[in-house]
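J.: Residue strings, one per chain:
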Amino acid sequence: MSDCSEELCARARAGDMEAAAQLVTLHYQRIYAFLRRLCGNEDDAAELTQKTFSKAWESLGEYAGRSSFSTWVHGIARYVYLNWRRQAGRLDGASEAWWEAQAAEGPSPFEDAAERDLAAHLYGLVDRLDDEKREAVHLHYFQGLSLKETAEALGAAESTVKYRLRAALDYLRKQPLEANRERRKQQ
Amino acid sequence: MNEQVLESILRKAPAPKAPAGLEEWLIAGIRLEGANGRRRESLGGGSWWKRWAPALFYGGLAATCLAVIGTQERQLAKLRSANEALRVQSAGLTALRESNAEVEKLQTANADLARLRQDNADIGRLRDEIARLRAASEGLDGLKAENMRLKTLAAATIPGSQPDFFAEANDRAMRIVCVNHLKQIGLAARIWANDHNGDYPPDFGSMTNELQTLSILQCPSDKTRQLTSWTQVANGDVSYQIEATGLNDDRDNSQTVVYECPLHHIVCLLDGSVQQLSAEGMTNSIVIDKLGRKVFKPSQN
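These protein sequence lines are chains A and B, in that order.
Just so you know, the first sequence maps onto residues 1 to 187 in this note's numbering.
Just so you know, the second sequence maps onto residues 188 to 488 in this note's numbering.
Simulated from the structure, these hints should not be mistaken for laboratory data.
There's no promise every hint is true.
Straight-line Cα separation of at most 20 Å, SDA-like style, residue types lysine to any residue; simulated pairs [to be verified]: (1) A:174 <-> B:449; (2) B:477 <-> B:442; (3) A:51 <-> A:83; (4) B:477 <-> B:436; (5) B:199 <-> A:116; (6) A:55 <-> A:116; (7) B:204 <-> A:21; (8) A:162 <-> A:121; (9) B:481 <-> B:428; (10) B:199 <-> A:128; (11) B:484 <-> B:449; (12) B:204 <-> A:15; (13) A:51 <-> B:219; (14) B:410 <-> B:449; (15) B:481 <-> B:450; (16) B:370 <-> B:400; (17) B:204 <-> A:47; (18) A:51 <-> B:449; (19) A:55 <-> B:209; (20) B:204 <-> A:50; (21) A:148 <-> A:166; (22) A:174 <-> B:198; (23) A:55 <-> B:410; (24) B:199 <-> A:169; (25) B:199 <-> A:144; (26) B:199 <-> A:121.
Computed far set for chain A versus chain B, every beta-carbon distance over 10 Å [claimed, not checked]: (27) 4; (28) 30; (29) 88; (30) 122; (31) 128; (32) 155; (33) 156; (34) 157; (35) 159; (36) 160; (37) 167.
Computed from a predicted model, the values in this text were never measured in an experiment.
Where is the CB? At the ideal position from N, CA and C, for every residue including glycine.
Between the sequences and the hints, there should be enough to build the whole structure, so can you do that?
T.: Following this line, the structure appears as structure tokens:
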């Protein structure tokens with residue numbers, strides 16, 4: 001997909017609208033999902049997705065191809081999100097209830113409801129991490145970017161990303177997930 | 188929960204689906220710069236600016252440097268021309284100084300010439316004077332002979348009545364010496380008064396320290412006494428008279444007569460000045476004040 005995106009990107013730079021539309025089709029779902037998890041509601045996520053692609057088209061001439069198009073757009077999306085959050089003064093991410101609802105919808109990768117609950121609770125804990133660790137977890141685990149791509153999207157060193165992910169995992173591991181799950185079951 | 192399980196759950200995070208119509212909205216919102224965008228980029232877009240800003244900066248810097256260098260070169264050229272002009276003027280100044288020195292030298296020579304002319308004129312005048320005096324000298328010899336002849340004739344006519352031709356000159360000289368004595372006495376009295384709160388000395392004996400010699404108190408025309416010791420002075424045996432006592436330099440009239448030579452009618456006043464009077468002048472110019480003191484008051488005639 002990467003090579004395909006690079007080719008489409010080159011065509012879009014030359015003014016090919018069809019290539020740009022194909023780039024949208026290829027990437028908008030992931031970008032929307034990324035922003036939806038971060039910002040907490042659909043409308044804002046849709047608007048931020050639109051802003052992300054608008055910025056991408058404006059800055060397409062500056063895209064030098066040092067990273068993949070996907071990574072580059074993720075970086076723009078993160079920038080757009082941070083900007084929106086700063087302007088709106090928003091601090092809340094997706095709620096745990098939302099995560100549970102997401103887990104309940106459609107086919108689930110989890111074996112049973114208890115595991116889904118555990119996952120939803122874990123995702124909710126992720127949103128309580130500080131911004132740097134949260135963004136790293138979102139990009140690397142939720143969005144599936146490699147360490148290198150995550151580092152490029154964050155504009156940080158790869159070692160820094162590793163450190164943040166390690167710290168996030170340590171934090172999550174220390175949380176009383178099982179006890180919490182049992183308590184939730186009893187309720 | 189171990190780390191692998193944790194990572195596995197995180198990787199399985201659900202991806203919320205985009206709302207319907209978002210894709211179309213995004214596609215409709217595509218604004219590609221394309222060829223126009225590239226042209227704009229090359230003309231002044233943000234990326235163009237970012238790309239060329241360093242070159243423009245250094246180009247501007249270089250242009251500024253060139254402008255500064257050009258300005259400095261022009262100023263340098265102006266300074267050089269001004270320097271050249273000053274050098275030319277300086278050369279003219281040297282010549283001017285030389286000519287000025289020449290003029291000064293000529294003026295000095297001219298002054299010397301004028302002085303020589305003056306000397307020459309003086310020499311000529313002196314020669315004329317010498318000639319005149321020589322002629323007068325020749326006449327004097329004739330007058331001397333005539334004088335001798337007249338003396339001889341007078342001696343022959345009135346025996347024992349040869350006139351004393353130097354008596355008048357002697358008398359004038361005596362008066363001058365007497366004036367000098369009275370001036371020194373007046374000065375001594377003022378010095379004494381200065382040391383005694385302005386009070387004048389009561390007698391001549393009080394001024395022995397101020398008077399230089401004893402002979403000052405001796406009038407040269409006074410043949411009646413001969414001063415040889417200060418004892419005589421203490422006894423009042425001097426040629427000059429004290430006309431007033433108890434005088435004070437500040438309080439009394441400065442024209443009050445203090446000392447007098449009765450032979451020559453010369454008076455010394457309180458202010459130290461000395462007046463030569465005749466017998467008639469003593470009558471006309473000396474008045475007596477209410478304290479009975481003689482005061483010099485020059486007559487209006």
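J.: For every hint, state whether the structure bears it out.
T.: Consistency of the hints with the structure:
1. A:174 <-> B:449: violated, 148 Å
2. B:477 <-> B:442: Since the Cα atoms of residue 477 of chain B and residue 442 of chain B sit roughly 14 Å apart, the hinted pair holds (cutoff 20 Å).
3. A:51 <-> A:83: The hint holds at about 11 Å.
4. B:477 <-> B:436: Roughly 18 Å separates the two Cα atoms, so the pair holds.
5. B:199 <-> A:116: Given that 20 Å is the threshold and the Cα spacing comes to 10 Å, the pair holds.
6. A:55 <-> A:116: violated, 36 Å
7. B:204 <-> A:21: holds, 19 Å
8. A:162 <-> A:121: violated, 23 Å
9. B:481 <-> B:428: holds, 12 Å
10. B:199 <-> A:128: Satisfied, since the Cα-Cα distance of roughly 19 Å is no more than 20 Å.
11. B:484 <-> B:449: Within the cut-off at roughly 18 Å; holds.
12. B:204 <-> A:15: Violated, at about 29 Å.
13. A:51 <-> B:219: holds, 14 Å
14. B:410 <-> B:449: holds, 13 Å
15. B:481 <-> B:450: Given that 20 Å is the threshold and the Cα spacing comes to 17 Å, the pair holds.
16. B:370 <-> B:400: holds, 14 Å
17. B:204 <-> A:47: holds, 14 Å
18. A:51 <-> B:449: violated, 142 Å
19. A:55 <-> B:209: The hint holds at about 16 Å.
20. B:204 <-> A:50: Holds: residue 204 of chain B and residue 50 of chain A sit about 15 Å apart, inside 20 Å.
21. A:148 <-> A:166: Holds - the C-alpha atoms of residue 166 of chain A and residue 148 of chain A are around 15 Å apart, at most 20 Å.
22. A:174 <-> B:198: At roughly 19 Å apart (the allowed maximum being 20 Å), residue 198 of chain B and residue 174 of chain A satisfy the hint.
23. A:55 <-> B:410: Not satisfied, since the Cα-Cα distance of roughly 146 Å exceeds 20 Å.
24. B:199 <-> A:169: holds, 15 Å
25. B:199 <-> A:144: OK: residue 199 of chain B and residue 144 of chain A at ~10 Å, within 20 Å.
26. B:199 <-> A:121: holds, 13 Å
27. 4: It holds; residue 4 of chain A is separated from chain B by about 17 Å at its closest Cβ, greater than 10 Å.
28. 30: violated, 7 Å
29. 88: Holds: least Cβ distance 20 Å, greater than 10 Å.
30. 122: The assertion about residue 122 of chain A is violated, with a minimum of 6 Å to chain B.
31. 128: At about 14 Å from chain B, residue 128 of chain A clears the 10 Å cut-off, so the statement holds.
32. 155: holds, 17 Å
33. 156: At roughly 19 Å from the nearest Cβ of chain B, residue 156 of chain A sits farther out than 10 Å, so the non-interface label holds.
34. 157: holds, 21 Å
35. 159: Nearest chain B Cβ is 19 Å from residue 159 of chain A, so the label holds.
36. 160: Given that every Cβ of chain B is farther than 10 Å from that of residue 160 of chain A, nearest at about 19 Å, it holds.
37. 167: holds, 13 Å
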